[in-house]
Amino acid sequence: MKLQKLTGAWIPVVSIIFGLLAGAIIMLLFGYNPLAGYIALWNGAFETPYFTGETIRLITPYILSGLAVAFAFRTGLLNIGVEGQVLVGWLASVWVGTEFSLPMAIHLPLAVIVAILAGGIWGFIPGYLKAKYQVHEVIITIMMNYIALYSVNAIIRNVLTDRDDRTENVAETASLKVSWLSDLMPNSNVHAGIILALVAALFYWYFIEKTKYGFELKAVGYNPHASQYAGMSVKRNIMLSMAISGGFAGLAGAMEGIGNFGYMTLNNGFTNIGFDGIAIALLGGNTAVGVVLAAGLFGVLKNGALNMPLSAGVPHELVDIITALIIFFVAASYMIILLRHKLIKLYTDFKNKSKKGGANK
Amino acid sequence: MSGFVDILNSIIPSALMLATPLIFTALGGVFSERSGIINIGLEGLMIMGAFVAVVINLELYPILGSTLTPWVSILVAAVIGGLFASLHAVATVTFRADQVVSGVAINFLALGIGLFLIKQIYGKGQTDMIDGGLRSTDIPILEHIPVIGPIFFEGTYYTNWLAVILAFVVWYVIFKTPFGLRLRSVGEHPFAADSVGINVNRMRYIAVMLSGFFGGAGGAIFALTFAGNFSQGTISGQGFIALAAVVFGKWHPIGALGAALFFGLAQSLSVIGGGIPLLEDIPSVYLQIAPYVLTIFALVGLVGRAEAPKSLGTPFVKGSR
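Residue numbers (the UniProt record's numbering), protein chains in the order written: chain A, 1 to 361; chain B, 1 to 321.
Read the hints as simulated data drawn from the structure, not as lab findings. Being a predicted model, the structure only gives us computed values, none of them experimental. Keep in mind that the hints are not guaranteed to be accurate.
Chain B stretches covered by chain A per the calculated footprint, using a threshold of three residues with CB under 8 angstroms from any CB of chain A [as the list claims (entries may be wrong)]:
#1 116-127
#2 195-201
#3 224-237
The calculated lysine-lysine pairs, modelled on DSS-like cross-linking and capped at a C-alpha distance of 30 angstroms, are [unchecked claim]:
#4 B:Lys176 x B:Lys318
#5 A:Lys342 x A:Lys353
#6 A:Lys342 x B:Lys318
#7 A:Lys218 x B:Lys310
#8 B:Lys310 x A:Lys132
#9 B:Lys124 x A:Lys218
#10 A:Lys235 x B:Lys310
What follows is a set of in silico ranges between Cβ atoms, one per label pair, in the way DEER data are often shown [claimed, not checked]:
#11 B:Asp128 x A:Tyr50: 46 to 52 angstroms
#12 B:Trp161 x A:Asn169: 49 to 55 angstroms
#13 A:Pro109 x B:Trp161: 57 to 63 angstroms
#14 B:Trp161 x A:Val159: 56 to 62 angstroms
#15 B:Gly123 x A:Asp349: 47 to 53 angstroms
#16 B:Ser86 x A:Gly269: 26 to 32 angstroms
#17 B:Gly233 x A:Tyr206: 36 to 42 angstroms
#18 B:Pro62 x A:Val178: 56 to 62 angstroms
#19 B:Gly301 x A:Phe203: 35 to 41 angstroms
#20 B:Glu59 x A:Ile195: 48 to 54 angstroms
#21 A:Ile25 x B:Leu60: 25 to 31 angstroms
#22 A:Ala226 x B:Ser86: 34 to 40 angstroms
#23 B:Val173 x A:Lys351: 49 to 55 angstroms
#24 B:Gly123 x A:Leu28: 45 to 51 angstroms
By construction, the Cβ of each residue, glycine as well, lies at the ideal position given by its N, Cα and C atoms.
Please put together the full structure from these sequences, using the hints given.
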């Protein structure tokens, strides 16, 4: 009996199909037409250039938050703090965007880099505490999220503005909005950040797969004791991993700051970009390509869903159930493996029987 | 002196009130994690509890009236929470799912189901305000104790004291009963537990469902004390704070109680700190972030390395060793 792990895209693809099927069943149960529902979703994501632009706009931070979670995962760390790192990066990019006046060639890269650094520092702190004091990174990152939320709000109110709810718009020299994209998808908030996100994915792939640092990070993730024995510094790798992970998250924040919105408002709660990043990383199997594809799927589902109430009368929250179920199926991949095994067995039994049946005649 | 008592009088009741949902949920987390199942899904369990409690409350208030409705709401929410948590158990115990991933899915799923059904039932994104919320009362006899009485037992909620008592009950169950011994053994060394005839998977199912029961109750109490309705943001992070309380409390029921009370106190300081002479000059953001910063300091300095149950996070596969 071989129940080996299925590799590659098998599990996620089957999970997505199961998730969509489950969504269809729920729509049937509540008296909706599943076909109409999914057509509405598809149209909501792609029907007009505006919808397409909004979908791409949503995918952009998803790719980066997914990469952030995936990067830490590779070292065996769960970075729940992406949420806070996004906020910090967002603030940093808006700060540079509003407070400086520089030529674009310097201003824009500066805003991006400062956002990455801010997120990186916010990720480094839990990494340092984990490495130095063995405190669980999940708890520290949860705490860091709240500290980020309240501190960022306070800075917006007291430092970037004079007791206002919203910062000024960032200077055009720091904006990721480019006319050729905006003209292609009019009225949408699409911006050049998608290119940065894809470059980040490429960097992720190269760093993890092709460099000695990436190898060490993975080794620590697989087996910290063996890595230590082999002369790698587990502590250093934990800190490095969390800092780079935070850097991706900070960049995701910049996508909102100098791309999508061009400003920052007070936040009552979290953006959910970071929490969705956890799901995206898992669905993407923590690989660069997987994360980009999973972020694409999430962006399509979430943006397309907004069209479902109008066109098919289906509450858009259905998509949250579907994405949750997809994650569930990915997690319970053993179930899918068992199912596949049963199906194969059924098939071979059937083949043997029909052979025997033929011989008996 | 009387000024000091006044301050206590304003801080402690609200601290207890804020801590109560956390205590319930953290106790649930202790059950689950003691059996070896990580439960990041506490947030989702609280969401489910809040959702069920609000709907039951809205529907049953006209029939049951103001005394019975909140309690029935909490009980139903707890039971549904337990059933909902069984999904986490099926995934992690039977199908050996990654426990963190499954917990994340629970969080998404609870919010999705809650909001979807609210749209179905009420046709809008959030419910009306409930009428049958929990009301503060004075606890008979105890309220007359000098000094302590007014601080602790006047204008308090029965749920506050239920939570404190439950923490000791859970401590007794986990550390003084055969059931608790089995629970802990399953979380520490499932193979040893299995070899003496303990059904590891069954114990883990029970523990995870208990976490749903307590988490559901915690969410329900939060909704019935603070929120008063159910919407996207009714539960926003309380489950994660409860999870922090589990770890902060070193996976011990009394520790979790202490941690939850600490969070409650810190949050209450940030809410009403502006009215306290010593604290009123401090910018509110420092009070807002204080609970979280203090937690980090406490984890680094006082608690240090918390020893999790040994088999936390690993599925039990019989005969794999």
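Here is how each hint holds up against the structure:
1. Only residues whose beta carbon comes within less than 8 angstroms of a beta carbon in chain A count, and the segment 116-127 of chain B has 3; three or more means the coverage holds.
2. Coverage of the segment 195-201 of chain B by chain A is violated [criterion: at least 3 residues with CB-CB distance below 8 angstroms; count 0].
3. Check result for the segment 224-237 of chain B against chain A: holds, 3 residues qualifying (beta carbon to beta carbon below 8 angstroms, three or more required).
4. At roughly 27 angstroms between alpha-carbon atoms, Lys176 of chain B and Lys318 of chain B fall within 30 angstroms of each other, so this suggested pair holds.
5. Taken as a hint, the Lys342 of chain A and Lys353 of chain A pair is honoured in the structure, with Cα atoms around 16 angstroms apart against an allowance of 30 angstroms.
6. Between the alpha carbons of Lys342 of chain A and Lys318 of chain B the distance comes to roughly 20 angstroms, so the proposed pair stays at or under 30 angstroms and holds.
7. At roughly 23 angstroms between alpha-carbon atoms, Lys218 of chain A and Lys310 of chain B fall within 30 angstroms of each other, so this suggested pair holds.
8. Of the pairs offered as hints, the one joining Lys310 of chain B and Lys132 of chain A holds, with about 21 angstroms between alpha carbons and a cut-off of 30 angstroms not exceeded.
9. Between Lys124 of chain B and Lys218 of chain A the alpha-carbon distance is near 47 angstroms, which puts this suggested pair outside the 30 angstroms criterion.
10. Of the supplied pair hints, the one linking Lys235 of chain A and Lys310 of chain B holds, its CA atoms being roughly 22 angstroms apart against a limit of 30 angstroms.
11. Our hint of 46 to 52 angstroms for Asp128 of chain B and Tyr50 of chain A is violated, since their Cβ atoms are close to 35 angstroms apart.
12. In this structure, Trp161 of chain B and Asn169 of chain A meet the distance hint of 49 to 55 angstroms, their C-beta atoms being roughly 53 angstroms apart.
13. Look at Pro109 of chain A against Trp161 of chain B: about 59 angstroms separates their beta carbons, and that is inside 57 to 63 angstroms.
14. Distance hint for Trp161 of chain B and Val159 of chain A: a CB-CB separation of about 44 angstroms, inconsistent with the stated range 56 to 62 angstroms.
15. The given range of 47 to 53 angstroms is respected by Gly123 of chain B and Asp349 of chain A, whose C-beta atoms sit roughly 51 angstroms from each other.
16. For the pair Ser86 of chain B and Gly269 of chain A, the beta carbons lie near 29 angstroms from each other, so the given range of 26 to 32 angstroms is met.
17. Between Gly233 of chain B and Tyr206 of chain A the CB atoms are about 40 angstroms apart, so this pair conforms to the stated range of 36 to 42 angstroms.
18. In this structure, Pro62 of chain B and Val178 of chain A meet the distance hint of 56 to 62 angstroms, their C-beta atoms being roughly 58 angstroms apart.
19. The hinted range of 35 to 41 angstroms is satisfied by Gly301 of chain B and Phe203 of chain A, whose Cβ atoms lie roughly 37 angstroms apart.
20. The hinted range of 48 to 54 angstroms is satisfied by Glu59 of chain B and Ile195 of chain A, whose Cβ atoms lie roughly 52 angstroms apart.
21. Taking the beta carbon of each, Ile25 of chain A and Leu60 of chain B are about 29 angstroms apart, inside 25 to 31 angstroms as hinted.
22. For Ala226 of chain A paired with Ser86 of chain B, a C-beta distance near 37 angstroms keeps the hint of 34 to 40 angstroms intact.
23. The given range of 49 to 55 angstroms is respected by Val173 of chain B and Lys351 of chain A, whose C-beta atoms sit roughly 54 angstroms from each other.
24. The hinted window of 45 to 51 angstroms between Gly123 of chain B and Leu28 of chain A is violated, with their beta carbons roughly 20 angstroms apart.
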